[in-house]
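Residue numbers (our numbering): 1 to 194.
No wet-lab data here; the hints were simulated from the structure.
Treat the hints with care, as some may be off.
[As the list claims (entries may be wrong)] Taking lysine-lysine and the DSSO-like style, the derived pairs with C-alpha atoms no more than 30 angstroms apart in a straight line are:
#, residue 1, residue 2
1, Lys122, Lys71
2, Lys189, Lys71
3, Lys122, Lys68
4, Lys104, Lys87
5, Lys122, Lys41
6, Lys71, Lys93
7, Lys41, Lys193
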Amino acid sequence: MAPLACSLYTGESRRLIIAFNIGTTYSGISYSILNPGEIPKIFPVTRFPHQGHVGGNCKIPTVIYYDKQGKVCATRIDDLEDFEPDKVENWTKVQWFKMHLWPKSSATSDAADQITPLPPNKTVIDIFVNFMEDLYDCTRKYIQATFPNQPDFLVSMNRNNAINFILAHPNGWEGLQQVQMCQAAVHAKLVLKY
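From just these sequences and the hints, can you work out the full model?
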């Protein structure tokens with residue numbers, strides 16, 4: 001298959017596009033800086049706090065740990081061997097949370113009935129919010145480390161409302177599930193409205 005031919009970005013101002021693919025078991029982040037008159041290039045986020053270089057596929061576990069008070073304790077970690085055992089014994093591991101959004105009419109909704117329940121006092125939207133906040137924090141840190149000579153880049157993009165987010169979702173999702181992901185993006189303060 002031939003590579004996609006990209007056109008020059010014809011916008012009048014610089015923009016940042018961030019794409020989150022929050023998968024059932026693994027997630028990924030890509031971004032593109034759109035400069036007027038240039039052909040856009042898409043880059044993956046390949047380093048994450050506490051994980052170093054992820055590798056060529058740039059996937060991270062879609063996992064969150066909460067304490068008994070519902071506070072996020074760790075994200076993107078499959079096992080807790082590097083943590084103190086007495087500290088983590090009361091943590092709740094949340095994975096496959098995306099399955100809680102599947103439409104009830106979907107053939108895979110049977111699988112949703114088999115997954116682990118959400119922690120007390122947490123909705124699937126709350127968990128998406130926490131995970132999106134973490135992904136954005138990872139993205140910010142990665143971009144700042146990648147472009148150290150432009151320390152105010154993200155500040156200027158935020159100030160000029162020049163960041164767009166793309167949220168990937170399964171084909172089988174209906175309007176309700178898409179709206180719920182958008183609501184999570186608003187609550188995570190990625191966007192003001194959808």
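Okay, the hints, checked on the actual structure:
1. This hinted pair checks out: Lys122 and Lys71 have alpha carbons roughly 10 angstroms apart, not beyond 30 angstroms.
2. Distance restraint check for Lys189 and Lys71: the Cα-Cα separation of roughly 18 angstroms lies within the 30 angstroms cut-off, and the hinted pair is therefore satisfied.
3. Our distance criterion of 30 angstroms between C-alpha atoms is met by Lys122 and Lys68, whose separation comes to about 11 angstroms.
4. Annotation: proposed proximity of Lys104 to Lys87 is violated, straight-line Cα distance about 37 angstroms (limit 30 angstroms).
5. This hinted pair does not check out: Lys122 and Lys41 have alpha carbons roughly 38 angstroms apart, beyond 30 angstroms.
6. At most 30 angstroms may separate the alpha-carbon atoms for a hinted pair to count; Lys71 and Lys93 meet this at roughly 12 angstroms.
7. Our distance criterion of 30 angstroms between C-alpha atoms is met by Lys41 and Lys193, whose separation comes to about 27 angstroms.
Hint compliance for this structure: hints 4 and 5 are not met, and every other hint is.
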